[in-house]
Amino acid sequence: KLKDQIKNKIGKLKLKSDLKTFKRVKIFHNFNTAKTVGIIFDGTNHSNYDAARTFAKFITERKIRIFGLGFVESKEVSNFYSYYTGFNFFTIKDSNWQGIPSTHNVSDFINEKIDILVDLHLTENFQLDYICAMSKAEFKIGSYTTANKYYDFMIDISSNPNPDFLCEQIKHYLSIINN
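To convert, note that position 77 of the sequence shown is 77 in this note's numbering; the numbers rise steadily by one, no gaps.
One thing to keep in mind: the hints can contain errors.
[Claimed, not checked] Here are the computed lysine-lysine pairs in the DSS-like style, where the Cα-Cα straight-line distance is at most 25 Å:
1. Lys26 x Lys14
2. Lys35 x Lys93
3. Lys12 x Lys171
4. Lys35 x Lys16
5. Lys113 x Lys57
6. Lys149 x Lys136
7. Lys171 x Lys16
8. Lys14 x Lys3
9. Lys9 x Lys136
10. Lys7 x Lys20
11. Lys113 x Lys23
12. Lys171 x Lys14
13. Lys35 x Lys7
14. Lys136 x Lys26
15. Lys171 x Lys57
16. Lys26 x Lys16
17. Lys93 x Lys23
18. Lys149 x Lys16
19. Lys9 x Lys171
20. Lys171 x Lys149
21. Lys16 x Lys1
22. Lys12 x Lys35
23. Lys35 x Lys57
24. Lys63 x Lys9
25. Lys35 x Lys136
No lab work stands behind these hints: they were computed from the structure.
Between the sequences and the hints, there should be enough to build the whole structure, so can you do that?
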């Protein structure tokens with residue numbers, strides 16, 4: 001446990017350092033203006049994966065291109081996740097010694113020109129926080145938390161903390177808010 005705490009602390013310090021030189025263009029987008037949406041989620045729990053898939057279907061029905069990236073807390077991705085194309089996955093072993101994800105899928109996602117980044121993870125996860133923080137997405141949205149300072153728009157789901165409810169709220173707000 002102590003080793004993990006030290007690794008986590010070093011990873012957070014590295015993120016803080018990386019953010020000092022990080023630049024991105026912030027532009028508000030809704031479902032009318034977005035051409036690309038990135039979705040990140042913790043796929044360790046299959047219900048989170050199902051919520052991400054359902055949300056991705058909603059987005060693609062609007063002719064918006066999807067980039068999906070899921071984290072699985074295991075040493076390898078099971079075949080369960082290979083049935084839905086459009087999502088890439090990474091595991092705990094795909095992180096460096098600082099806990100920072102270091103695969104091509106992750107670096108491609110971070111550098112992808114994405115109009116809206118939707119973060120569906122609801123529990124503490126440094127790997128997904130790092131991706132959210134370092135993404136060059138123009139507009140970042142996720143659940144309200146005091147810990148994450150990387151979103152441009154946060155939604156309070158404390159009354160019903162699950163990814164399906166978060167997706168419904170994101171659909172609602174990005175459908176009614178204009179530029």
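Evaluated hints:
1. Lys26 x Lys14: OK: lysine 26 and lysine 14 at ~23 Å, within 25 Å.
2. Lys35 x Lys93: Not satisfied, since the Cα-Cα distance of roughly 32 Å exceeds 25 Å.
3. Lys12 x Lys171: violated (31 Å)
4. Lys35 x Lys16: violated (30 Å)
5. Lys113 x Lys57: holds (20 Å)
6. Lys149 x Lys136: holds (15 Å)
7. Lys171 x Lys16: Violated: lysine 171 and lysine 16 sit about 31 Å apart, past 25 Å.
8. Lys14 x Lys3: This hinted pair holds, its Cα atoms lying about 17 Å apart.
9. Lys9 x Lys136: Cα-Cα ~24 Å, so holds.
10. Lys7 x Lys20: Holds, because 20 Å separates the two Cα atoms, which is no more than 25 Å.
11. Lys113 x Lys23: Holds, at roughly 13 Å.
12. Lys171 x Lys14: Violated, at roughly 34 Å.
13. Lys35 x Lys7: It is violated: about 37 Å lies between the C-alpha atoms, which goes past 25 Å.
14. Lys136 x Lys26: holds (9 Å)
15. Lys171 x Lys57: holds (12 Å)
16. Lys26 x Lys16: It holds: about 19 Å lies between the C-alpha atoms, which stays within 25 Å.
17. Lys93 x Lys23: Violated, because 28 Å separates the two Cα atoms, which is more than 25 Å.
18. Lys149 x Lys16: Between lysine 149 and lysine 16 the Cα gap is close to 11 Å, so the pair holds against 25 Å.
19. Lys9 x Lys171: violated (35 Å)
20. Lys171 x Lys149: Holds, at roughly 22 Å.
21. Lys16 x Lys1: holds (23 Å)
22. Lys12 x Lys35: Roughly 32 Å separates the two Cα atoms, so the pair is violated.
23. Lys35 x Lys57: Holds: lysine 35 and lysine 57 sit about 15 Å apart, inside 25 Å.
24. Lys63 x Lys9: violated (41 Å)
25. Lys35 x Lys136: holds (15 Å)
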